[in-house]
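One-letter residues, chain by chain:
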Amino acid sequence: MTQPHDPFELSPSLNQAIQEIAAMHAPPESTNRVTTAVLNQPPVPRPTVQRGRLGRRTALTAIAVSCVTVAVGLFMNGTPFTQVAFADVQQELGKTHSVQYVESMHEVDAQNEIKLLKLTLASEGLVADAKTMKLEPDELRQRIQARIDDIQGKLTRGEPVESARVWIEGRYLFRREQTLGIAKSVEVLDEKGGSTVLLPGMHFQRIEITNAETGVNVHLEPDRKKCVLMKSQTTINQHSGKTTTTEIGPNPASNFYLEFKNILPEKLTSLGEKSLNGKTVTGFRKIEDSGEWQFTSTYWIDSTTKLPVKIESEMRKDGVLYGGTTIANIAFDQTIDPNLFSTQPPAGYEVSESGIHGIEIRKSDEK
Amino acid sequence: MFDSPWDTLVRRYSSLVISSAWRVLGCLADAEDIAQDVFLEAFRKWSPDEQHAWPGLLRRMAICRALDLLRTRQRSQSLESSRIDERAADPSDTLVKQEVHTQLRAAVTSLPQRESEVFCLACFEQLSHEEIADVLQVSRGSVAVALSKAKSRLTEMFQPTSGDSK
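Same order as they appear, the protein sequences are chains A and B. Following this note's numbering, the numbering of the first sequence begins with 1 at its first residue and continues without gaps. Following this note's numbering, the numbering of the second sequence begins with 1 at its first residue and continues without gaps.
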């Protein structure tokens, strides 16, 4: 069939420009860069502050960032028209000495994990993965299916799919334990150019301990008996691709309580009161719109104690829900074993230092 | 070793997605960012059990996102103040060529959404009317009309201003 006659012919120079533009094809190194970035990291949403062409935010960083984002709400001001004013919440929080809570992944994130697990089940690479893990393929399939069933069961029953436990003591000590079920094969690079392949069905545990007063930050991996002393932090400029490394040291600014107080109270909207697990709670909501991403945090405050009991966060892009977290089981001033905050490498652990913090850099990406 | 259906899709079409975004944006680094966003969005639509016309869908997603990015950047810029004079310099000059490309891209982003999409698919991606109709899920007649309107507007935008001499 012939195309309809087009009465609007463009000028020769514009036609030439169109032909030149049409002839543009992505160079192989660019294709490799994008393919690597997309495939080597779990496809989780990224915040705009972490945006960069060299690498995606990892699931681990995603959870850590959302934890900080959500925890910020612990100390935000309240608004009028509610029975609990934020000033009261802030004051009550200021009297506490420690807090611990459980963080759960959003249903959307859980559904994505299921989706990835199903993809892995259908993958031809599963047999090779099983061989590497010294398992029979059927055994690996059963293990993956068990994880799918576990998540689906929890979602059906309305139970949270736990992702992390956090302890904060005395304003400076922080411990975070997270166990991630690996949904698909992921290659993790280390600073020496080596790599570890995380295989589906594995449970990958990571513990982060920070002493903000002394500036010591360690990452423990009990499964592999590894202890990484984080000596510096590397960030990547998304426009220039250049990396900047800063030493990690004592930093009072990383004191959670101090940071949270700096949030502007006028950004809160009152949600009124409701009943939650037999308690009367007052809700506050904060919406941050970066233009591309919208972050919503909802804080439920016990109307009697004026302390938070539940914090929900969601990330949306153009109105589409991308994921989030829920903080619950919040307990203040419980006795916490001091050993949980020890930054000494445990006996039997292989100790190394790292200058890379949650960002994957490959030599081919360096400018 | 690790190629799942999803991996295969990413490997097969990443070049196509980057190229489509690059043609609209003219900046490879931005195109790479857009490509990552496109695959992130595609992953959310992805299901091993569902069939999509992925090349067309990915191409359209890349173009739409690239146009959105350009529009955001050019909101404060007046096209009227930056008309190009096609006779002002030797068109073989690389800088002039780049300027023509830039102005053309700016003009395309100023078109209505549907017309700019159709123009990019027809002219930059060199798809036939039938292929565009499939991608956009519209009739071939609608594609032809949108393309004619787009070219009409572009012709008008690139006409010399009244004060110009021949």
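Read the hints as simulated data drawn from the structure, not as lab findings. Treat the hints loosely; a few may be bogus.
[What the hints assert, rightly or not] One-sided and incomplete, this derived list gives chain A residues near chain B with beta-carbon spacing under 7 Å:
1) A17
2) I18
3) A22
4) A26
5) T31
6) V34
7) L119
8) L121
9) V216
10) H219
11) L276
12) N277
13) V351
Note that the structure is predicted; figures quoted are calculated from it, not measured. Note that beta-carbon positions come from the ideal geometry of N, C-alpha and C, so glycine has one too.
The hints, checked one at a time:
1. A17: Because about 5 Å separates A17 of chain A from the closest Cβ in chain B, which is inside the 7 Å limit, the hint holds.
2. I18: holds, 5 Å
3. A22: Holds - the Cβ of A22 of chain A comes within 7 Å of chain B, reaching about 5 Å at its closest.
4. A26: With a closest approach of 4 Å, the A26 of chain A hint holds.
5. T31: holds, 4 Å
6. V34: At about 5 Å, which falls below the 7 Å cut-off, the nearest Cβ of chain B leaves the hint on V34 of chain A intact, so it holds.
7. L119: Holds, about 5 Å.
8. L121: Violated, about 9 Å.
9. V216: Nearest chain B Cβ about 34 Å off; hint violated.
10. H219: Since chain B brings no Cβ nearer than about 25 Å to H219 of chain A, farther than 7 Å, the hint is violated.
11. L276: Violated, about 30 Å.
12. N277: Not OK, violated: N277 of chain A not within 7 Å of chain B, min 32 Å.
13. V351: Violated: closest Cβ of chain B sits about 30 Å from V351 of chain A, beyond 7 Å.
Consistency note: the structure conflicts with the earlier hints numbered 8, 9, 10, 11, 12, 13.
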